[in-house]
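Novice: Protein chains in written order, with the working numbering: chain R, 1 to 235; chain B, 1 to 142.
The hints are simulated quantities; they were obtained by calculation from the structure and are not laboratory data.
In this text the structure is predicted, and so the values were computed from the model without any measurement.
Do not rely on the hints blindly, as some may be mistaken.
[Said to hold, decoys possible] Quick partial rundown of chain R residues pointing at chain B, CB under 10 Å, derived from the structure:
#, residue
1, Phe-125
2, Ala-129
3, Arg-142
[As the list claims (entries may be wrong)] Label-pair restraints from in silico Cβ distances:
#, chain 1, residue 1, chain 2, residue 2, range
4, R, Leu-115, B, Gly-132, 24 to 30 Å
5, R, Ala-95, B, Arg-93, 33 to 39 Å
6, B, Ser-31, R, Ala-139, 33 to 39 Å
7, R, Ala-187, B, Gly-28, 34 to 40 Å
[Said to hold, decoys possible] Some chain B residues close to chain R (C-beta under 7 Å, calculated; not the full set):
#, residue
8, Glu-25
9, Leu-63
10, Asp-105
11, Leu-114
12, Pro-117
13, Gln-119
14, Arg-125
Just so you know, even glycine gets a beta-carbon here, dropped at the ideal spot from N, CA and C.
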Amino acid sequence: MMRSTLDVGRLVASVVPALARPAPLAGGVTEPPVPGAGRAGAGPAAAPAHDAWRAELLRRALEEWGIRCRERPELQTLEAFGVISARGVEITIAADLSAADRALAYARCLARLVLHDDRQFATWFHYRAGLTPGHLSAAERRSSAVVDAMARALLGGRLQAAPRYLLPTASPEVSAASGLLGDCSRALLVRLHRASSALYWRSDSYQALRATAPMVRLTSRVHDLLSAAGPQRAA
Amino acid sequence: MAERDEVQVRKWDAIRAPVGGRLRELRGNRSQALLAGDLEDLGYRLSQSSICRYEQGQVDAPLSLERLVGWALCCEGLSAPAFHELLAMAGYRLTAAVPDLASIDETLRHTRTLPLPDQVVVRRRLLWHLLGLQDDDEEWAP
């Protein structure tokens, strides 16, 4: 089914639960989780098939939402690039990528769409490892680092590993508490979210730290404590 | 040559000299050979001598919108005043906003350092967005 308008928030919400699940085996059987495995449910032998499955899942989801996806063999330096215009959104990916790189390339493009949700004309370029041109500005390099970190969070089905305010589904903070306490907790929560997003943009170390399980737990608890609105996504 | 209406011939006769001047202005410091090569990469059939004749106002057939946009795209001149004067003279109109055209020029300059095959793929996609061409991969295969 082709959606009529692009809603990146719903696109992300539709694909993340599937990415978080273990890869299906032949015959539709879901692979059981392996404790301590790098990917949920995928051992080393299953990794390429799992990566191919994730790449196809992302491609299908993007196309379902009206994004034209192309794979071109000519791309030598570019891993992928995207164009957003009044004519629509399209992404082009190098055809010779491995299954893992292909999945990551689609995830990076999705992360770009999250960050370019204003629908203005925009282009972006993702370079193959080691082929990033030297003339890129510091802002472009920071942007690429954030896109990469968010893509890895998306690909793992772990949105909570990225700052809440960078995600398209973030909603205004709600607090069950009322009065001065509620106002203070809301204000503090907003500042924490903004600080987390700002730090995520500036620091590679924080991007890595933010994706760790203890940090995800900590931020989730802080968010729940301050919002007092039950379990929600992390800051 | 295909038969053309008298009014079309007269209009083109009236504007082809100034059109040639603007095309030359758009080309800037690029050689005609480089421009011909870039246009050929995009699928245009424009030789170096054709470019020379267009610039001198010697071509009898009117310049199409597709050729005009391709020319400006290869010269990174979509936001140049000369391109907008050309569009106005020829009576063409692009739906893309002026800031978007400037962004495309910036993108084209940004990709100039890429290997040629990468550049060609990017330019073709931008051309599609500018003209709304419904191409498919087979049609555009080199």
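Novice: Determine for every hint whether it applies to the structure shown.
Specialist: Here's how the hints hold up against the structure:
no.: 1; hint: Phe-125; in the structure: 7 Å, holds
no.: 2; hint: Ala-129; in the structure: 15 Å, violated
no.: 3; hint: Arg-142; in the structure: 17 Å, violated
no.: 4; hint: R:Leu-115 <-> B:Gly-132: 24 to 30 Å; in the structure: 26 Å, holds
no.: 5; hint: R:Ala-95 <-> B:Arg-93: 33 to 39 Å; in the structure: 36 Å, holds
no.: 6; hint: B:Ser-31 <-> R:Ala-139: 33 to 39 Å; in the structure: 34 Å, holds
no.: 7; hint: R:Ala-187 <-> B:Gly-28: 34 to 40 Å; in the structure: 55 Å, violated
no.: 8; hint: Glu-25; in the structure: 25 Å, violated
no.: 9; hint: Leu-63; in the structure: 23 Å, violated
no.: 10; hint: Asp-105; in the structure: 11 Å, violated
no.: 11; hint: Leu-114; in the structure: 5 Å, holds
no.: 12; hint: Pro-117; in the structure: 4 Å, holds
no.: 13; hint: Gln-119; in the structure: 10 Å, violated
no.: 14; hint: Arg-125; in the structure: 6 Å, holds
Violated hints, listed in ascending order, are 2, 3, 7, 8, 9, 10, 13; each of the other numbered hints is respected by the structure.
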